[in-house]
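**Student:** Sequence:
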Amino acid sequence: MGMAKIKVVEESTIENLVRELIDAKGEQVILEVAEGTFLLHNEVNLRLLKFYAEEEEKEILVDTNDAELIGLAHQIGIAAKDNQGPLFFKEKLETESAYQRAKIEIAASPETNNENIEMGWIHWPGRLQLAIVFALFSLVLACWWVLQPRAVILVYPKEQTLNFSTVAQIGTAFNSQELPAGKIPAKILEKDNRIKVQTVATGSKIVGVTPAVGKLTLINSTNQPVVLPKDSVVIGKAGARFLTDRDVLVPKRHTKYQDGIAIGEEYGRAEVGVTAEKKGTIGNQPGKSITTLDGKHQRFLKVINSAPTRNGTDKRVAVVTLNDVKKGETEAKRQMQLVGNEEISGLTGQEYLFLPELTASEIIRVVNEPDIGAESELVETTLEYRTSILTPLTDDIAKYLVRKFEESIPEGFQPANRQVALTAINIGPIADNRAQLKLNGNGLIKGVLDAGKLKDLIKGKTKDEAADLLTQQNEVAHFKINLKNNAKRIPNHLFQIKVVFPAGGQK
Numbered sequence: 000m001g002m003a004k005i006k007v008v009e010e011s012t013i014e015n016l017v018r019e020l021i022d023a024k025g026e027q028v029i030l031e032v033a034e035g036t037f038l039l040h041n042e043v044n045l046r047l048l049k050f051y052a053e054e055e056e057k058e059i060l061v062d063t064n065d066a067e068l069i070g071l072a073h074q075i076g077i078a079a080k081d082n083q084g085p086l087f088f089k090e091k092l093e094t095e096s097a098y099q100r101a102k103i104e105i106a107a108s109p110e111t112n113n114e115n116i117e118m119g120w121i122h123w124p125g126r127l128q129l130a131i132v133f134a135l136f137s138l139v140l141a142c143w144w145v146l147q148p149r150a151v152i153l154v155y156p157k158e159q160t161l162n163f164s165t166v167a168q169i170g171t172a173f174n175s176q177e178l179p180a181g182k183i184p185a186k187i188l189e190k191d192n193r194i195k196v197q198t199v200a201t202g203s204k205i206v207g208v209t210p211a212v213g214k215l216t217l218i219n220s221t222n223q224p225v226v227l228p229k230d231s232v233v234i235g236k237a238g239a240r241f242l243t244d245r246d247v248l249v250p251k252r253h254t255k256y257q258d259g260i261a262i263g264e265e266y267g268r269a270e271v272g273v274t275a276e277k278k279g280t281i282g283n284q285p286g287k288s289i290t291t292l293d294g295k296h297q298r299f300l301k302v303i304n305s306a307p308t309r310n311g312t313d314k315r316v317a318v319v320t321l322n323d324v325k326k327g328e329t330e331a332k333r334q335m336q337l338v339g340n341e342e343i344s345g346l347t348g349q350e351y352l353f354l355p356e357l358t359a360s361e362i363i364r365v366v367n368e369p370d371i372g373a374e375s376e377l378v379e380t381t382l383e384y385r386t387s388i389l390t391p392l393t394d395d396i397a398k399y400l401v402r403k404f405e406e407s408i409p410e411g412f413q414p415a416n417r418q419v420a421l422t423a424i425n426i427g428p429i430a431d432n433r434a435q436l437k438l439n440g441n442g443l444i445k446g447v448l449d450a451g452k453l454k455d456l457i458k459g460k461t462k463d464e465a466a467d468l469l470t471q472q473n474e475v476a477h478f479k480i481n482l483k484n485n486a487k488r489i490p491n492h493l494f495q496i497k498v499v500f501p502a503g504g505q506k
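Take the sequence shown: its position 102, counting from 1, is numbered 101 in numbering that gives the first Met the number 0, and each next residue is one higher.
Derived by calculation from the structure, the hints in this document are not laboratory data.
Accuracy of the hints is not assured; some may be wrong.
Claimed, not checked - 27 Å max Cα-Cα, derived DSSO-like pairs, lysine-lysine:
id: 1; residue 1: K157; residue 2: K497
id: 2; residue 1: K295; residue 2: K278
id: 3; residue 1: K277; residue 2: K295
id: 4; residue 1: K497; residue 2: K452
id: 5; residue 1: K4; residue 2: K57
id: 6; residue 1: K460; residue 2: K497
id: 7; residue 1: K49; residue 2: K24
id: 8; residue 1: K229; residue 2: K251
id: 9; residue 1: K49; residue 2: K157
id: 10; residue 1: K57; residue 2: K6
id: 11; residue 1: K4; residue 2: K80
id: 12; residue 1: K214; residue 2: K277
id: 13; residue 1: K458; residue 2: K445
id: 14; residue 1: K277; residue 2: K287
id: 15; residue 1: K214; residue 2: K229
id: 16; residue 1: K403; residue 2: K437
id: 17; residue 1: K4; residue 2: K24
id: 18; residue 1: K49; residue 2: K479
id: 19; residue 1: K236; residue 2: K204
id: 20; residue 1: K437; residue 2: K186
The structure presented is a predicted model; accordingly, all values stated were derived computationally and were not measured.
Given the sequences, and given the hints that come with them, work out the whole structure.
**Tutor:** Encoded structure:
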């Protein structure tokens, strides 16, 4: 008996293995399965190899150390190479044991007449029994031969992606019992936060740095001396105000004599230092420009600055304007829109479905510091806000999609798995904590194959006619027709047609 070997590696396919099995030279074929190869862990693949081995009148053995594969092979009647020795030895022992038991029984039985024994073997009834047994065996063999399939059809189901769309409503008033009707319960998630934004002030103004100083001359035209108290106010041009530095006594008017003869009168005079009330260059007054004394003493005294007042200085400082405040608030609102969705996305996590179109932001309070007109290079805007989102549970969306996917499957197909993908969402009208969603999804479907239907379809047809008919079946992806003895037609008897589904999908 010849023997052949076929190596099964990761890159092997069931079609190539079948081809090698058919072409193998030898009545015994050993499948050497490389370690880490799982192609034959599929029961369908093993049965397919066994079927072709029986068709070619060959015996297949599995050579592997994989206990799981050995067990699977034993379940469907394929032996493992490692088990052949022990199996043969066991059979031999059983045979010998039976033979030995027969010898023991003969030895223990009473002595018989050898002539009678020999005559029993040549009687006609014994030969008749042998002939009947042979005839029955021939009949069984003939029936077996007749019942053997004359056509083997390998059919693979079609797998394709099914796209579908549906409409659903989400709302806080819905519950899970309304899910089949397309009403999905939703929840409002909220989060409060604040944003601080600093804006450079664009306004400016001139402010005094140092006050102007100078001296005044006080003139008293009365007959009484006059005391002018400290911090008395004198006024120059453009309303510039000055304060006296100290209390000062201004003498009274007196008569002027020359050689004992009165020649005129001389007013009383006194000098006092003054400091501008406001800092800045406004206090730098020219000479003879400060002429007004404020208060009750102006009835008695006259004032004048003989020399200009000096040393008043200014500088330009930044000032907060209305535009600066508006700019800061605009920037804070822009940042609120940017970070608000990100914050609410983190709040939904994996449990809820994040839909940016269903988010809303509400401003609680806006504070600007300092106020408009204040001297400052920066204005700080603090915006407090609340972000909310209307969101359904992802599990509820998934359940609804699976339901609609199964309703969309055409006749002759079934789901290939339970995985349905959500590909797009369009948001419809939103009102009263409700929203309409248009959902697009897809899933994988597989053709449902019916062996009886396919046999009825192709029986009695030529190979080409059968191929055309199978091609027209939507649920069939591809197929292979094998006819024995170079036959031209598919048999008319259904029992002579064998349909095999290597990839499953049978009804």
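**Student:** For every hint, state whether the structure bears it out.
**Tutor:** Hints versus structure:
no. : hint        : verdict
1   : K157 - K497 : holds, 20 Å
2   : K295 - K278 : holds, 26 Å
3   : K277 - K295 : holds, 23 Å
4   : K497 - K452 : holds, 12 Å
5   : K4 - K57    : holds, 12 Å
6   : K460 - K497 : holds, 15 Å
7   : K49 - K24   : holds, 16 Å
8   : K229 - K251 : holds, 19 Å
9   : K49 - K157  : holds, 25 Å
10  : K57 - K6    : holds, 17 Å
11  : K4 - K80    : holds, 12 Å
12  : K214 - K277 : holds, 17 Å
13  : K458 - K445 : holds, 25 Å
14  : K277 - K287 : holds, 20 Å
15  : K214 - K229 : holds, 14 Å
16  : K403 - K437 : holds, 12 Å
17  : K4 - K24    : holds, 9 Å
18  : K49 - K479  : holds, 18 Å
19  : K236 - K204 : holds, 22 Å
20  : K437 - K186 : holds, 19 Å
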